[in-house]
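Peer 1: What follows is the residue order along each chain.
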Amino acid sequence: MFKDLIEYIATSLVDQPDQVKVHEVAGEKATILELSVAEEDLGKIIGKHGRTLKSIRNILYAAGIQANKRAVLELIESGKD
Amino acid sequence: MQQYIEMEGETTEEALNLALEELGVDRDLVNVKVLREPTKGILKLGAKPAQVRVTLKEDISATPEAVLDEIFSRMGIEARIESQIIDGSIHLAIRSDRPGLLIGRHGQTLDAIEHVLNCILSKSSLVKRKVYIDAEGYRERREQMLVDLASITAKKVRDTEEEVVLDPMPPRDRRVVHLALQPDKSVHTYSRGEGLMRYIVVTPREVPNGDSEENAAV
Numbered sequence: 001m002f003k004d005l006i007e008y009i010a011t012s013l014v015d016q017p018d019q020v021k022v023h024e025v026a027g028e029k030a031t032i033l034e035l036s037v038a039e040e041d042l043g044k045i046i047g048k049h050g051r052t053l054k055s056i057r058n059i060l061y062a063a064g065i066q067a068n069k070r071a072v073l074e075l076i077e078s079g080k081d
Numbered sequence: 082m083q084q085y086i087e088m089e090g091e092t093t094e095e096a097l098n099l100a101l102e103e104l105g106v107d108r109d110l111v112n113v114k115v116l117r118e119p120t121k122g123i124l125k126l127g128a129k130p131a132q133v134r135v136t137l138k139e140d141i142s143a144t145p146e147a148v149l150d151e152i153f154s155r156m157g158i159e160a161r162i163e164s165q166i167i168d169g170s171i172h173l174a175i176r177s178d179r180p181g182l183l184i185g186r187h188g189q190t191l192d193a194i195e196h197v198l199n200c201i202l203s204k205s206s207l208v209k210r211k212v213y214i215d216a217e218g219y220r221e222r223r224e225q226m227l228v229d230l231a232s233i234t235a236k237k238v239r240d241t242e243e244e245v246v247l248d249p250m251p252p253r254d255r256r257v258v259h260l261a262l263q264p265d266k267s268v269h270t271y272s273r274g275e276g277l278m279r280y281i282v283v284t285p286r287e288v289p290n291g292d293s294e295e296n297a298a299v
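Residue numbers (our numbering), protein chains in the order written: chain A, 1 to 81; chain B, 82 to 299.
So that you can see chain A by itself, here it is in the shape it has in the complex:
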């Protein structure tokens, strides 16, 4: 569910939706979602002063309360692994 949410938002924001990847890592206390997008699209996800990324995290947090689970979003900068 969290994965679906992040995938939807990310693909809707970027120019290269086929480059969007969300990797879900189930942890004991929280689910970690690793999002990677095309390098040129990083700015679209982050937004001015990080506002968009912060907003996405906020939405994810609310979804977490609703599902009674915690989820954390990590933006992976591709080409750095």
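None of these hints come from the bench; they were simulated from the model. Note that the structure is a prediction, hence the values are computed from the model and not measured. Backbone N, C-alpha and C define an ideal beta-carbon position, used for all residues, glycine too. Some hints could be false.
Said to hold, decoys possible - Below, in silico cross-link-like pairs of lysine-lysine (DSSO-like), each with a Cα-Cα straight-line distance of 30 angstroms or less: (1) Lys44(A) - Lys211(B); (2) Lys204(B) - Lys21(A); (3) Lys44(A) - Lys3(A); (4) Lys44(A) - Lys204(B); (5) Lys54(A) - Lys204(B); (6) Lys48(A) - Lys204(B); (7) Lys266(B) - Lys3(A); (8) Lys138(B) - Lys44(A); (9) Lys21(A) - Lys211(B).
As the list claims (entries may be wrong) - Part of the chain B face toward chain A, derived, beta carbon under 7 angstroms: (10) Arg155; (11) Gly157; (12) Ile158; (13) Ile162; (14) Leu182; (15) Thr190; (16) Ala193; (17) His196; (18) Val197; (19) Cys200; (20) Ile201.
What the hints assert, rightly or not - Derived CB-CB ranges, DEER-like: (21) Glu40(A) - Gln165(B): 35 to 45 angstroms; (22) His269(B) - Arg70(A): 22 to 32 angstroms; (23) Lys237(B) - Glu39(A): 48 to 58 angstroms; (24) Thr241(B) - Glu40(A): 49 to 59 angstroms; (25) Lys29(A) - Lys114(B): 51 to 61 angstroms.
Given chain A, work out where chain B should sit, using these hints.
Peer 2: Frame of chain A; chain B shown alone:
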């Protein structure tokens, strides 16, 4: 989900252009119905402007409601969305079983959803107007609360002739306070601090002609 507006103009063409501008979309995204052809009348007597009804085509996949629906369903939230066009901007009223969750602390979640929604819409560029969202009348209540707070604070500043510092607020809330106190000639407002901790300071303002009596509170 039918969204339409009715517009008048000297010619049907002018009425249509005004409507498109108001909706912020291109011609090919709407259906147009001429409600009234303009009538000339004699020497402007009995002259009536043209009137058209412009409806957004339903096959637009990225309407504000549709995008919001997609987000909510993935958040596991059931919500009903009503759309209204006010002064050319789109206002979406959300009714859900979890209003508190959607609003968040100081409306933070509402702001977050609104921001992401606008980013998505500006990308698909179908709707060029800003979209505002509200849940259970929260924005309106919050705004009234802030306007009240502003006038109480202004009175305190006038009475004590000392500056008063308000709690940190998001930009949108600060804007309401600034605007509420702008007409008040007895006080001056500005913001201090950075980011989440940015707050408003209300200070006494020098009155040049001493006719401060007419500064009725906002």
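Peer 1: With reference to the structure, classify each hint as holding or not holding.
Peer 2: Structure-based check of each hint:
no.	hint	result
1	Lys44(A) - Lys211(B)	18 angstroms, holds
2	Lys204(B) - Lys21(A)	19 angstroms, holds
3	Lys44(A) - Lys3(A)	19 angstroms, holds
4	Lys44(A) - Lys204(B)	10 angstroms, holds
5	Lys54(A) - Lys204(B)	18 angstroms, holds
6	Lys48(A) - Lys204(B)	15 angstroms, holds
7	Lys266(B) - Lys3(A)	53 angstroms, violated
8	Lys138(B) - Lys44(A)	28 angstroms, holds
9	Lys21(A) - Lys211(B)	29 angstroms, holds
10	Arg155	4 angstroms, holds
11	Gly157	5 angstroms, holds
12	Ile158	6 angstroms, holds
13	Ile162	16 angstroms, violated
14	Leu182	5 angstroms, holds
15	Thr190	5 angstroms, holds
16	Ala193	4 angstroms, holds
17	His196	4 angstroms, holds
18	Val197	5 angstroms, holds
19	Cys200	6 angstroms, holds
20	Ile201	4 angstroms, holds
21	Glu40(A) - Gln165(B): 35 to 45 angstroms	37 angstroms, holds
22	His269(B) - Arg70(A): 22 to 32 angstroms	44 angstroms, violated
23	Lys237(B) - Glu39(A): 48 to 58 angstroms	52 angstroms, holds
24	Thr241(B) - Glu40(A): 49 to 59 angstroms	55 angstroms, holds
25	Lys29(A) - Lys114(B): 51 to 61 angstroms	57 angstroms, holds
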